[in-house]
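This is what each chain is made of:
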Amino acid sequence: MNTHLNLLIGLAMGLNLIALGSSRLPSLIQVVSAQGMLLGVMPLLLEHEWSWMLLAVVVATVGGKGLVIPGLLRRAMRAANIEREVDPLIGFVPSLLLGAGGTIAAVALSQSLPLLPEHAGLLLVPGAMASVLTGFVLLIGRAKAISQVCGYLILENGIYLFGLLLINSTPLMVEAGVLLDVTVGVFVIGIIVDRIQRAFDSLDTRKLTVLRE
Amino acid sequence: MNTVLDLIFRLAWWLILAPLLPGIINKVKAWVAGRRGPPVLQLYYDLARLWRKSVVMSTLASPGFIIGPAVAWVALLGAVILVPLGPAGAALSFWGDVLLMLYLLALARFCTAWAAMETGSAFEGMGSAREVSYAVLAEAAMVAAMLSLCVQTGSISLATMLAPSAGAGAVLLAAGLFTVLLAENCRVPFDDPNTHLELTMIHEAMILDHSGPPLAVILHGASMKLLLFSVLLTEAVLPMGDLSPFAATGVLLGGVLTVTVGVGLVESLLARFAFRRVPLLLTTAVLLCLFALLVAWKGGAA
Amino acid sequence: MISLLLIFMPLAGAALAAAWPDNRTRPWFLPAVALVHVVLCFWLLVAPPEVAPDAWMGFDPLARAVLPAVSLLFLVCACYGVSYLAVRAERPNRVFVAALLAVLGLLSAGHQARHLGLLWIATEAVTLAAVPLLHFNGTPRAFEATWKYLLVGGTGIALSLLGSFCLGYASLHGGGSGDLTFASLMEQGAGLSRPWVLIAWVLLLVGYGTKMGLAPMHTWKPDAYGEAPGIVGAILAGGVTTVAFTAILRVRAVVGAAGEGVLADRTLLAIGLFSMVVAALFLLGTRDFKRMLAYSSVEHMGILSIGAALGGAGLWAALFHVWSNSLTKGALFLSAGNIRRAAGSASMDEVRGMAMITPRSAAIFVAGMFAVTACPPFGPFFSELALVRAGFGSGHVFVTAMLLGCLLFAFFGISRVVFGIVDGRPRPAMRTGGKRFVETAGVILPPLALLGFSLWLGLFTPPLLREVWEAAVQQLHPAP
Chain A
-9 MNTHLNLLIG LAMGLNLIAL GSSRLPSLIQ VVSAQGMLLG VMPLLLEHEW
41 SWMLLAVVVA TVGGKGLVIP GLLRRAMRAA NIEREVDPLI GFVPSLLLGA
91 GGTIAAVALS QSLPLLPEHA GLLLVPGAMA SVLTGFVLLI GRAKAISQVC
141 GYLILENGIY LFGLLLINST PLMVEAGVLL DVTVGVFVIG IIVDRIQRAF
191 DSLDTRKLTV LRE
Chain B
56 MNTVLDLIFR LAWWLILAPL LPGIINKVKA WVAGRRGPPV LQLYYDLARL
106 WRKSVVMSTL ASPGFIIGPA VAWVALLGAV ILVPLGPAGA ALSFWGDVLL
156 MLYLLALARF CTAWAAMETG SAFEGMGSAR EVSYAVLAEA AMVAAMLSLC
206 VQTGSISLAT MLAPSAGAGA VLLAAGLFTV LLAENCRVPF DDPNTHLELT
256 MIHEAMILDH SGPPLAVILH GASMKLLLFS VLLTEAVLPM GDLSPFAATG
306 VLLGGVLTVT VGVGLVESLL ARFAFRRVPL LLTTAVLLCL FALLVAWKGG
356 AA
Chain C
-19 MISLLLIFMP LAGAALAAAW PDNRTRPWFL PAVALVHVVL CFWLLVAPPE
31 VAPDAWMGFD PLARAVLPAV SLLFLVCACY GVSYLAVRAE RPNRVFVAAL
81 LAVLGLLSAG HQARHLGLLW IATEAVTLAA VPLLHFNGTP RAFEATWKYL
131 LVGGTGIALS LLGSFCLGYA SLHGGGSGDL TFASLMEQGA GLSRPWVLIA
181 WVLLLVGYGT KMGLAPMHTW KPDAYGEAPG IVGAILAGGV TTVAFTAILR
231 VRAVVGAAGE GVLADRTLLA IGLFSMVVAA LFLLGTRDFK RMLAYSSVEH
281 MGILSIGAAL GGAGLWAALF HVWSNSLTKG ALFLSAGNIR RAAGSASMDE
331 VRGMAMITPR SAAIFVAGMF AVTACPPFGP FFSELALVRA GFGSGHVFVT
381 AMLLGCLLFA FFGISRVVFG IVDGRPRPAM RTGGKRFVET AGVILPPLAL
431 LGFSLWLGLF TPPLLREVWE AAVQQLHPAP
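Protein chains in written order, with this note's numbering: chain A, -9 to 203; chain B, 56 to 357; chain C, -19 to 460.
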């Protein structure tokens, strides 16, 4: 069980780096979608007894993170008619190096955090920290609104990974509530992105500079 | 007597087998494109033809123009002697020979670049500059890959180092080494060997003005380098420790063939990357090898 | 039972308002629901219900100390809202009214949440529900403000979720049963895993601090408060910041029970002082009177944070300050909204002489300015006096002195802007344009009422409220 889970988390961390290095928005959205589906499947590997509720949450997570949310993003991308992140604030190679450095630091730091024996060999904590850092780098370093939203989604994925540590104790109701909030949040973000596109005729957030002192 | 036979056999493998690889690559590319393509033995014919021709040398060039390719070839020969052939081991093996191999490869590159700059032409200078700047990152990736093998097996001798990694580490290492292979041997997506536009050349630009036997030596050296990297990649990934000699040879040949066909497919299916994007790809190769190192280190610590 | 009604009744009202077809009569939902909410809230204030220790939701002493203020603020703003939406009858108000009522219901849920997960869900829902309120004006500037609010606020909320998970893991690692109510976490006390508790504290402080508007996570506030309608600014500054403060207080109690109370207090002091300094500096330079209100809000959040770090007496003063700040900010935002409507701009460069164009709103604005900068006899003076006494009393002389210094600079900054707008002769273009905005009773009485409440709170703080705040302090700093 542990090695399978570690393999999936390792893949997710690899997806983080692909997201940092890619300049094409369709591939960024695909990475986020793949990561969401990977994460949605993980509770099946962690829970010892399967119930219908668990399966429902897994299906909802995979569907939501893997299909619905990326679909919304693709629609926004097509409406705005952009396909590339041309000139980011943090360049692609520096952000890739930041992400790789952060992943290594996360693995090293999590050695010193106390973990319960059943979580000791898992890569959950480093994976979570690495994804949170990747999300931040994307949020801060990219200029296109869609890239920033993808960064936010990767940030949420990292937090979800961490939440898997608590899966045996937190009732599924809270998990479902969290998922619902995330989905509604992205939905709202999608609407705002659409309005920004209509108001500014561009999704370059560097144009959002009217408000200042 | 045995050692002499052994040495002859090894040199035969390296010297005679090497020119076959570019031929296989071109055949694969032609097959993907729906053509028949040149014969697989084409490079042998080219080498024979070039050997018969005379050298055209610029009046500005010093003897370095001839010495460069010669020294490069000898350096490459030295490097391939150090690489083990499966369980048969290497012709020459000592503690730290992996470092010598890396430096010999760097020496070969230096000599080629020197010979190129001897012509005083702008194209050669441009090609040399590009080649050397890519080499910075490619060598970093190579060193990281060698480091990960070292950490895993605890030795820095090539003969004992090339035991395969386990699990995720092997995949990462394979991907990283394959990218380094493409970079060092000037294949797509780093450099298109079939281009005729000088401004887009890297390796081809460096050998534009060579002719006759020096050019033959350079081409043969390039194919030896390709064989070296293929053998390294195969041995780093496939387990060959406890197989019989025949089986090991078969596995090695099969691995080299797979890598060559893979290079051919990559050349056919990918386009050459724009120059500004190459550092990103090379950084990815460095990171892949670095993560293989991380996996080896953490796997050992666990 | 009634406490659950406090949550579900506004949500039901929101659903009804969303389904209501008539744009002109829909605003009346606001005061209707708000009135029922206030009645229920004050009934519970006077006759508190029994809250089971392991309940996930309940009108416990902390909620009782704070929620009635929010409710009262909402009622007055709702009355203002009817007149405001009548003035802006050209815009459809279905989403606005529904979102505003949803915010009330979710704020009630957030204040009463005694479970770590439920608290987060309520706060995230408030963040999302406030989004349509922010871009009600529909201008590109409003969308820009909403985008910044979403990004910064969303990141803050994500961090507070991570912090909640870390705290949950601290409990699990310490041998907890997985019950994540604040009461059981406090009981587990020293058994909580120390490194995880510290990580959780930092993340939760940053996350909920973003919602509160503490520096350096305050960057969304000037844009959001600057572009939102006045009524939305009042609810955000008076209500949403309060629920975030309540969340920080609950978490601080758990951290204190785990034995890291001193560290938690130091971080609260540091972040509170930093907020006050940043706010004072920006107040000295700002030229926009709605952004000025945002910086004033940052400053008061700094005051609340410092109060929470000063132990029992400081916390009592902070709870008093929650009431006085919410009511005063409400008055300021509503009157500022009037002035902005009348003047057509919010910048000092373009707005002058409002005392002649909107005399009553200007008078309320000036009075509100005196109130918020802690001039007697208004409420904030008494609450900040109590806080300063707690500060000197607990030996934090340097901190209290810096607090007073920042208050002074804030006074300079705010009075500069307010008098700049109110005094002088109006610009010629505005003298004809200003006549379009009529100061009806509907837009004057609500901010006046809020000012009156603030005055009454300061001069005649009722003993019931004093007891209620004391009970809340007991809940958060339980005597060993």
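Honestly, the hints are just simulated from the structure, not real lab data. Just so we're clear, the structure is a prediction, and the values are computed from it rather than from any experiment. One or more of the hints may lead you astray.
[Unchecked claim] Sample of chain A residues with no beta-carbon within 12 Å of chain C, all distances over it, derived:
id, residue
1, Gly53
2, His109
3, Gln138
4, Tyr142
5, Val178
[Said to hold, decoys possible] To give an idea of the chain A side of the interface with chain B (calculated C-beta under 8 Å), a few residues:
id, residue
6, Ala90
7, Ile94
8, Ala95
9, Val97
10, Leu99
[Unchecked claim] Which chain B residues face chain A? A few, computed with CB under 7 Å, are given here:
id, residue
11, Leu270
12, Ala326
13, Leu335
14, Thr338
Using N, Cα and C, we set each Cβ at its ideal position, and we do this for glycine too.
Right, here's what the structure says about each hint:
Chain C leaves A:Gly53 outside its interface by the beta-carbon criterion, the shortest separation being 20 Å against a cut-off of 12 Å. With a least beta-carbon separation of about 9 Å from chain C, A:His109 fails to lie farther than 12 Å from that chain, contradicting its non-interface assignment. At the 12 Å boundary, the C-beta of A:Gln138 falls inside the reach of chain C, the nearest C-beta of that chain being 7 Å off. A cut-off of 12 Å between C-beta atoms contradicts the statement that A:Tyr142 is not in contact with chain C; the least separation is 6 Å.
Not every beta carbon of chain C lies more than 12 Å from that of A:Val178, the smallest distance being close to 5 Å; the non-interface claim is violated. At about 5 Å, the closest approach between the beta carbon of A:Ala90 and any beta carbon in chain B falls short of 8 Å, and the interface hint on this residue holds. Because the beta carbon of A:Ile94 sits about 6 Å from the nearest beta carbon in chain B, less than 8 Å, this interface hint is met. Interface restraint check for A:Ala95: the shortest CB-CB distance to chain B comes to about 11 Å, outside 8 Å, so the restraint is violated.
Restraint check, A:Val97 versus chain B: the minimum CB separation of about 7 Å is within 8 Å; hint holds. Taken as an interface hint, A:Leu99 does not check out: its beta carbon lies about 13 Å from the nearest beta carbon of chain B, beyond 8 Å. Nearest Cβ of chain A to the Cβ of B:Leu270: about 36 Å, over the 7 Å cut. The hint is violated. Annotation: B:Ala326 was flagged as interfacial toward chain A, and the flag is violated, the nearest CB pair being 14 Å apart, outside 7 Å.
With its C-beta approaching chain A no nearer than about 6 Å, B:Leu335 sits inside the 7 Å limit, and its interface hint holds. The interface hint given for B:Thr338 is met, as the beta carbon of that residue sits about 5 Å from the closest beta carbon of chain A, less than 7 Å.
Violated hints for the displayed structure, listed by number in ascending order: 2, 3, 4, 5, 8, 10, 11 and 12.
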